[in-house]
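Peer 1: Next come the chains, spelled out residue by residue.
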Amino acid sequence: MGGSMDVRDLARAAAAGDQHGWNGLVERFGELVWSTVRAHGLRSDDSADVVQTTWLRLAEQLHRLQDEHDRLGVWLAATAKRESQRLLRSGTPATAVGEETDAKPAGGPTSSADNLVWWVIHDLPEHCRRLLRILMSTPPPSYEEVAAALDLPVDGIAHARAECLEEFRRRMAGIGITA
Amino acid sequence: MERQHNEVADPAGSGDDRLIEELRGAARRFDPLPESVREAARASLTWRTVDAELAALAFDSAVEPSTNARSSGDSRLLTFSAPGFSVEMEVAAMGIRRRLVGQVVPPQGARIEVRHPGGVVIVEADELGRFSAEGVSAGPVSLRCRPAAGTTTSAIITEWVLL
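These protein sequence lines are chains V and E, in that order.
Per our numbering, residue 1 is the first one in the first sequence, and the count goes up by one each step.
Per our numbering, residue 1001 is the first one in the second sequence, and the count goes up by one each step.
Worth flagging that the hints you see were computed from the coordinates, not collected in a lab.
Here a beta-carbon is modelled for each residue, glycine too, at the ideal position from N, C-alpha and C.
Some clues are possibly wrong.
Now the stretches of chain V that chain E is said to cover, found in silico as 3 or more residues with beta-carbon under 8 Å [claimed, not checked]:
| hint | segment |
| --- | --- |
| 1 | 12 to 21 |
| 2 | 123 to 135 |
| 3 | 148 to 156 |
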């Protein structure tokens, strides 16, 4: 699954009501939508609601989005971003992911460095925390998808990524870990 | 590693790419998309409606800077617009429930389906277009409006909004 399935084929099938095609879109973009919402610091229950609202909107509009079938990742990221922002502006308390959850990884951490990595990520300045959280999505997002998820200009992303990773390394080194 | 189209990466294939891939692994372990959320996303297709006109969210007091649009501290005002038809809705939060009080414009009787992933509540708008629905669960909501008699032959659905 993944790269070999053309998104346009999935979208065309899903627009015609095919559940298989739709499930393919959820597989392909599910983590991107989740990462976008998590990057905005929503709590678990709010995150689930915003993700669902995003997919419901796509279901409603997919057959009206013919021109955008090859840019669905961008559409989904932009929608998830707007809905996250809408919820935050309406007064929902936001909590950084690391704070809100005990975030025990499934099957337990492979090493204590795992926990430190997660902690350092969430201790970064907000713009880096958000950018890295989106970049940590599987499969890797495109420049346009990242820009849509975060209100960043596309040509600033490469530089911001390098800067934020350098900051991450610096902080890891500060606690004695080479990354 | 096979690259997706236009994936964010360093063309020189640097240590940054390797580091991001490790971080990606950490995200998969610490904060993956929950299975219940994935399931809800899959199930969203069943709410698709092709035979209705979409009324877009035109106004949401929750995100507007001006405060005189709010009717009271705890209520939220929403307006959805389609050509020749709009729905105004006031939403009051009561714990995890929502009370909706709405108005169809132009004023006319209509059957209103309050659609929510947990189910559908059906209410009637009177001849002045007024309707209300109690005890709607918090979460994504979309109204499907069928004017009782009128120029529009198809139903109108409002854009999904998280209440």
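Peer 1: Taking the hints in turn, state whether each one holds.
Peer 2: Hint check:
Coverage of the segment 12 to 21 of chain V by chain E holds. Counting CB-CB distances below 8 Å, 3 residues qualify, and the rule asks for three or more. Only residues whose beta carbon comes within less than 8 Å of a beta carbon in chain E count, and the segment 123 to 135 of chain V has 3; three or more means the coverage holds. Requiring three or more residues with a Cβ within less than 8 Å of a Cβ of chain E, the coverage given for the segment 148 to 156 of chain V is violated, as only 0 such residues are present.
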